[in-house]
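J.: The lines below spell out each chain.
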Amino acid sequence: MNTGTDRVKRGMAEMQKGGVIMDVVNAEQAKIAEEAGAVAVMALERVPSDIRAAGGVARMADPRIVEEVMNAVTIPVMAKARIGHIVEARVLEAMGVDYLDESEVLTPADEEYHLLKSEYTVPFVCGCRDLGEAARRIGEGASMLRTKGEPGTGNIVEAVRHMRKVNAQVRKLVHMNDDEIMTEAKLLGAPFEVLLQIKKEGKLPVVNFAAGGIATPADAALMMELGADGVFVGSGIFKSDNPAKFARAIVEATTHYQDYKLIAELSKELGEPMKGIEISKIAPEQRMQERGW
Amino acid sequence: MMKIGVLGLQGAVREHVRSIEENGAEAVVVKWPEQLDELDGLILPGGESTTMRRLIDRYGFMEPLRSFGESGRPMFGTCAGLILLASDIVGYDQPHLGLMNITVERNSFGRQKESFEAELFIKDIADDYNAVFIRAPHIVSVGVGTEVLAECDGRIVAARDRHYLGCSFHPELTEDHRIARYFIDMAKASKASLANS
Chain Z
0 MNTGTDRVKR
10 GMAEMQKGGV
20 IMDVVNAEQA
30 KIAEEAGAVA
40 VMALERVPSD
50 IRAAGGVARM
60 ADPRIVEEVM
70 NAVTIPVMAK
80 ARIGHIVEAR
90 VLEAMGVDYL
100 DESEVLTPAD
110 EEYHLLKSEY
120 TVPFVCGCRD
130 LGEAARRIGE
140 GASMLRTKGE
150 PGTGNIVEAV
160 RHMRKVNAQV
170 RKLVHMNDDE
180 IMTEAKLLGA
190 PFEVLLQIKK
200 EGKLPVVNFA
210 AGGIATPADA
220 ALMMELGADG
230 VFVGSGIFKS
240 DNPAKFARAI
250 VEATTHYQDY
260 KLIAELSKEL
270 GEPMKGIEIS
280 KIAPEQRMQE
290 RGW
Chain D
0 MMKIGVLGLQ
10 GAVREHVRSI
20 EENGAEAVVV
30 KWPEQLDELD
40 GLILPGGEST
50 TMRRLIDRYG
60 FMEPLRSFGE
70 SGRPMFGTCA
80 GLILLASDIV
90 GYDQPHLGLM
100 NITVERNSFG
110 RQKESFEAEL
120 FIKDIADDYN
130 AVFIRAPHIV
140 SVGVGTEVLA
150 ECDGRIVAAR
160 DRHYLGCSFH
170 PELTEDHRIA
180 RYFIDMAKAS
190 KASLANS
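Protein chains in written order, with numbering that gives the first Met the number 0: chain Z, 0 to 292; chain D, 0 to 196.
Keep in mind the hints are simulated off the structure, nothing from the lab. Backbone N, C-alpha and C fix where the C-beta goes; we use that ideal spot for every residue, glycine too. One thing to keep in mind: the hints can contain errors.
Said to hold, decoys possible - DSSO-like cross-link-like pairs, simulated, lysine-lysine; straight-line CA separation at most 30 angstroms: (1) 280/Z <-> 164/Z; (2) 164/Z <-> 199/Z; (3) 190/D <-> 2/D; (4) 238/Z <-> 198/Z; (5) 260/Z <-> 244/Z; (6) 190/D <-> 202/Z; (7) 260/Z <-> 280/Z; (8) 187/D <-> 260/Z; (9) 274/Z <-> 164/Z; (10) 260/Z <-> 30/Z; (11) 30/D <-> 190/D; (12) 260/Z <-> 30/D; (13) 2/D <-> 30/D; (14) 202/Z <-> 122/D; (15) 244/Z <-> 2/D; (16) 122/D <-> 187/D; (17) 267/Z <-> 30/D; (18) 30/D <-> 30/Z; (19) 198/Z <-> 185/Z; (20) 190/D <-> 122/D; (21) 267/Z <-> 244/Z.
As the list claims (entries may be wrong) - Simulated restraints on C-beta separations: (22) 153/D <-> 282/Z: 58 to 66 angstroms; (23) 142/D <-> 278/Z: 55 to 63 angstroms; (24) 120/D <-> 270/Z: 54 to 62 angstroms; (25) 184/D <-> 241/Z: 32 to 40 angstroms; (26) 73/Z <-> 188/D: 46 to 54 angstroms; (27) 17/D <-> 190/Z: 48 to 56 angstroms; (28) 275/Z <-> 184/D: 49 to 57 angstroms; (29) 25/Z <-> 139/D: 55 to 63 angstroms; (30) 144/D <-> 176/Z: 56 to 64 angstroms; (31) 196/Z <-> 143/D: 43 to 51 angstroms; (32) 144/D <-> 190/Z: 51 to 59 angstroms; (33) 34/D <-> 5/Z: 50 to 58 angstroms; (34) 185/Z <-> 174/D: 30 to 38 angstroms.
Please build the complete structure, drawing on both the sequences and the hints.
T.: Here it is in structure tokens:
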């Protein structure tokens, strides 16, 4: 029996497709998420909008919170480690967390190197803004991708930009001649072998979810329409007036993202969504998507 | 041409579609109960069983899925789909569809880091099958008339009860389409016998 193989790690993400992964900060929220139909929960100490508000250094969550969430639900539990923080990642792996997010939402521990994710038994999800970044993370062993978007803003514009960019670059690559790929690898800063594989298969070798700014059911459906395999919802759910209702609405809009009458129905009277921040109002050094490379 | 549906509420839907098409049958992604009428067989894919159950309830799939099975048309559950089919689930008072005469236990091989690949003998299907187990359930016991098709490490991981087929691993994640072939043959046989009855 072989554990930690690419097939097992990537396959785990395949099982999440068409689903919603929700940020939670305690057992009670985790249960609400599971009840609403989330395919997994991300156990955190603070949701991204609170991290943004609090400032300072954001680290891995208190293991106690992660443990509490793991004991509360039967769906998979994910947790975030800082970019390049080998020990936070190993600690979460040792605790039995099902999936790690090497995440720009936390303050990076290493500004030069990401984790060598192929060395771990636990699978990783990583953020990306374009195909170069996506391919570098796959090269390091990420088993799942997500757009970076701009977390904790309730503003979908960056997630849309990143999803469109990655997919447009994949389409371009797939139609290239073989002798053009090395130059594309150089231009993108992407591993040549990963690009070859994408060209051969006609798609990314791992699933790509949308994340970073999804605040309404229509936002979730929009990301599915643009080709996301599923969505992460961070601050949106538990910052809303009625989290259980809101969570259910996001799940349904993701499943039936082209059923507009249904989305209209389930968007009714959801209460005030999170306020949202315009990206230009965030100083460049405060933008989480600029973390990592 | 045989028409095989894949319940498309959540999970590894497109992989099953590919494996059906590789075997020369037509695949239908089922998002609404009305679509069940036109099918010769139905696959319940891998994914998160709790999520699928919520969506089954919300879209009124429960009774239509049960009558689909009771009409004698074959159903095949993989991983989460196996849990949906089972008549008993360890630790739960109620099953989901409860159609297949087996008792299953969820996540019984452990958490994700214990997920694995292993070589299996599967009766009537393959003697060298590479199976991918992801947070997999296993079949604790089978009822009278249910045939065990494969075991792994002393645990039952594939079985057949009349026109119900189930396995705790993910055939759709490999390039080996022999199990889908076997299921399509089940659908052909049942279509022929339903037509004659």
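J.: Against this structure, judge whether each hint is valid.
T.: Going down the list of hints, with the structure as the test:
no. : hint                                : result
1   : 280/Z <-> 164/Z                     : holds (23 angstroms)
2   : 164/Z <-> 199/Z                     : holds (20 angstroms)
3   : 190/D <-> 2/D                       : holds (11 angstroms)
4   : 238/Z <-> 198/Z                     : violated (41 angstroms)
5   : 260/Z <-> 244/Z                     : holds (18 angstroms)
6   : 190/D <-> 202/Z                     : violated (36 angstroms)
7   : 260/Z <-> 280/Z                     : violated (34 angstroms)
8   : 187/D <-> 260/Z                     : violated (38 angstroms)
9   : 274/Z <-> 164/Z                     : holds (26 angstroms)
10  : 260/Z <-> 30/Z                      : holds (29 angstroms)
11  : 30/D <-> 190/D                      : holds (23 angstroms)
12  : 260/Z <-> 30/D                      : holds (15 angstroms)
13  : 2/D <-> 30/D                        : holds (15 angstroms)
14  : 202/Z <-> 122/D                     : violated (35 angstroms)
15  : 244/Z <-> 2/D                       : violated (37 angstroms)
16  : 122/D <-> 187/D                     : holds (19 angstroms)
17  : 267/Z <-> 30/D                      : holds (23 angstroms)
18  : 30/D <-> 30/Z                       : holds (26 angstroms)
19  : 198/Z <-> 185/Z                     : holds (16 angstroms)
20  : 190/D <-> 122/D                     : holds (23 angstroms)
21  : 267/Z <-> 244/Z                     : holds (10 angstroms)
22  : 153/D <-> 282/Z: 58 to 66 angstroms : holds (60 angstroms)
23  : 142/D <-> 278/Z: 55 to 63 angstroms : holds (59 angstroms)
24  : 120/D <-> 270/Z: 54 to 62 angstroms : holds (56 angstroms)
25  : 184/D <-> 241/Z: 32 to 40 angstroms : violated (49 angstroms)
26  : 73/Z <-> 188/D: 46 to 54 angstroms  : violated (36 angstroms)
27  : 17/D <-> 190/Z: 48 to 56 angstroms  : violated (26 angstroms)
28  : 275/Z <-> 184/D: 49 to 57 angstroms : holds (54 angstroms)
29  : 25/Z <-> 139/D: 55 to 63 angstroms  : violated (33 angstroms)
30  : 144/D <-> 176/Z: 56 to 64 angstroms : holds (58 angstroms)
31  : 196/Z <-> 143/D: 43 to 51 angstroms : holds (49 angstroms)
32  : 144/D <-> 190/Z: 51 to 59 angstroms : holds (53 angstroms)
33  : 34/D <-> 5/Z: 50 to 58 angstroms    : violated (34 angstroms)
34  : 185/Z <-> 174/D: 30 to 38 angstroms : holds (32 angstroms)
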